[in-house]
Amino acid sequence: MDKLSNPKRRSFLQNILQGIGYSAFGVIAWSAYLSQSQANNLILRPPGAINEKDFVLKCIRCGMCVAACPFDVLKLATISDEISIGTPYFEPRKEACHLCPDAPCTSTCPTDTLDLNLISKDSKLDINSARMGLATINTKTCLAYLGLQCTMCIRACPLADTAIVLKNERNPRTDMHAFLKPVVDPDYCTGCGMCEHACPTKVASIKVLPLAISQGDRGSYYVVGWKKEDEQRLEHGPAEIKVERTKRNEKSALDNVNDVDGILKGLYDE
Amino acid sequence: MNNFLYRHRFLIGRRFTQIFVMVLYFGANAYGWSIVKGDLSSSVIFGFIPLSDPYVVLQMFFGGALISVDILLGVLVILFVYGIIGGRFFCSWVCPVNIITETATYFRKKLGLQKKEKALTFSRNIRYWVIGISLILSFIFSIAAFDMISPIGIAHRGIIYGFGFGWTFLVAIFLFDLLSQKYGWCGHICPLGGFNSIIGKYSLVKVVHDSDKCLYSMACFDVCPEVQILDMVGMRSKAITGSGCIKCGQCIESCINDAFHVSVVSLAKQLKG
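Chains as they are written, first to last, in my numbering: chain A, 1 to 270; chain B, 1 to 273.
There could be a bad hint or two in this list.
[Said to hold, decoys possible] Part of the chain A face toward chain B, derived, beta carbon under 8 Å:
| no. | residue |
| --- | --- |
| 1 | SER35 |
| 2 | VAL56 |
| 3 | MET64 |
| 4 | VAL66 |
[What the hints assert, rightly or not] Covered by chain B, per the in silico footprint, the following chain A stretches (three or more residues, Cβ under 8 Å):
| no. | region |
| --- | --- |
| 5 | 80 to 87 |
| 6 | 109 to 119 |
[To be verified] Distance ranges between label pairs, derived from CB positions:
| no. | chain 1 | residue 1 | chain 2 | residue 2 | range |
| --- | --- | --- | --- | --- | --- |
| 7 | A | SER129 | B | TYR128 | 41 to 51 Å |
| 8 | B | ARG7 | A | LEU42 | 49 to 59 Å |
| 9 | A | SER80 | B | ILE12 | 29 to 39 Å |
Source of the hints: derived by calculation from the structure; they are not laboratory data.
Model, not experiment: these values are computed from the prediction.
Note that the Cβ used here is the ideal one computed from N, Cα and C, for glycine as well.
Based on the sequences and whatever the hints tell you, model everything.
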C-alpha cells in the first residue's frame with residue numbers, strides 16, 4: 001500500500017499534530033511564567049545562599065530552612081509573592097536576620113543551595129562572613145544626615161563600629177553640634193537587615209539590597225599602584241591586564257616623567 | 001454503624017493518613033516536631049532518613065543542577081518504597097489534592113453532572129506528555145519546570161507554610177474535576193501521578209480480582225478513578241497490573257461480593273499476566 005494513503009499512519013500523524021496544537025497554548029503560558037519567575041532579583045536569601053540563578057534551580061523547595069529559623073524570619077514564597085515559588089526569603093523591614101552563630105537554616109539545607117562553605121572562614125562556621133546583601137543609606141532622608149542624633153541603625157547593627165561606623169562632622173548650621181553620620185563598610189556588612197528593621201523613618205532610609213544590585217565592581221583594569229599585591233598584577237597578573245610595550249612606555253613611568261627630553265622627542269617623532 | 005465503617009475502611013484509612021501526614025509536617029514547622037521535617041518535595045524522617053521526590057530531582061537534573069548526596073539517598077529510599085508498594089500509593093494515601101479531586105467527584109455524582117461526560121474527553125496519556133514537556137522546559141529554563149506550577153506543591157506547602165493566592169489553583173482543580181472531567185486532574189493531567197505510575201509499574205503490592213465472585217454489578221467501574229485498569233473484571237482472575245492503579249481500595253469497598261482483595265504478587269506472576 002502507498003505510504004501516504006495509509007489511513008492508520010495518517011490518523012496517527014494527525015493525532016500527534018493535534019496534540020502539538022493543543023499543547024502549544026499551555027507550553028507558551030507555562031514558559032512565560034517560568035521566565036517571569038526568574039526575573040526578580042530584589043530578593044534577600046538566607047545566609048550562605050548561592051547566586052540567584054542557581055538558587056532557583058537547586059532549591060528543592062522543602063522549606064526546612066524556614067522551619068529551622070528560630071525567629072520566624074524566613075518565609076517560603078507563595079504564588080502571590082512575585083518570588084520563585086516555594087523558595088525561602090526574608091524582608092528586613094518586617095523581620096531581620098538574627099545571624100544565629102550556628103546558622104540552623106544553612107546547616108539544614110539538603111541540597112547545598114544554602115552552602116555552609118560560603119559562610120565559613122578557615123573551614124570554621126563564621127556567620128559574620130555571610131553576605132546576604134549590602135545596607136545602603138539614603139542620605140537625603142536619613143535623620144542623622146539631617147543633623148538629628150539618631151544612631152538607631154548602628155545600635156541595631158550586630159557588627160556596630162565595623163559594618164556601620166559613625167562619622168563625626170561639624171554641623172555648620174548650629175556651629176555647636178556634630179553630625180553623627182552612619183556609613184556602611186561593605187567589607188563587613190552581612191546584609192542581615194537589623195538596621196533597616198530599626199530605622200525610624202516612615203520608609204526605611206537604610207535598606208539592604210541584594211549584592212547583585214548594590215555591589216559595584218571595578219573590573220580588573222584599575223591597578224591600585226600603592227598596594228604592593230595589586231601592583232604585582234602588572235607583572236604576572238590575570239590575562240586581561242596586558243601592558244603593551246611601545247616606544248613611549250619601554251622605560252618605567254617614573255623614568256619617562258623625569259626624562260623631559262625623551263617625552264618631547266617622542267612627541268616630535270609622532 | 002460498624003457496617004458503615006467497614007464499607008468505608010479504605011476511605012477512612014486514607015483520609016486519616018493524608019491528614020496525619022500533613023499534621024506531622026505542619027507541626028514540624030509550627031511547633032518544631034522532629035518526626036518528619038520538610039515537605040513532599042524533600043523531607044527528613046526522625047532527623048536521619050532522607051526522602052526526596054524523584055520527579056522533582058529529575059527535573060532539577062535536566063535543569064543542570066548538581067544533585068547532592070542527601071537528595072540522591074532520599075530518591076533511592078522513595079524508589080525502593082514505591083517499587084514495593086506502588087508509586088501511586090502516594091496519590092491516594094498521601095497527596096492532599098486527592099481529597100479535593102475525590103470531593104469533586106462525590107458532588108459530581110450527587111449532582112448528576114457525570115452524564116455530560118461525553119461533551120469533552122481528555123486522553124489519559126496527557127500526563128506522560130506533560131512529563132516530557134516539563135523535562136524539556138526544565139532544560140531550557142534551568143529550573144524544575146513542573147515544580148513551579150505544581151498544584152500538589154502549592155497544596156502541601158500551603159498547608160505547611162501558608163497559601164498566599166495558591167488556593168486558587170486548588171479551586172480550579174475542584175471546578176475542573178466537578179464540572180468538566182471526572183478525575184480530570186489526577187487521572188489525566190498530573191505528571192507526578194504519571195511518573196509514580198512508571199516507578200510503581202511492577203510493585204509487589206497489588207489489588208487482585210477474582211472473576212468467579214464477580215456479579216457484574218459494575219459498581220467498581222463506577223468508583224474507580226482509573227477505569228482502564230479494570231479490563232479483566234468479570235472475565236479473568238488476575239492481579240490489577242495496570243500502572244494507573246492508585247491503590248485507593250474503592251473497588252474493594254464497592255464490591256458487594258468481595259471480588260477484590262489486596263495481595264502481594266510476585267514479579268514473575270505479574271509478567272506472565
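Broken hints, by number: none
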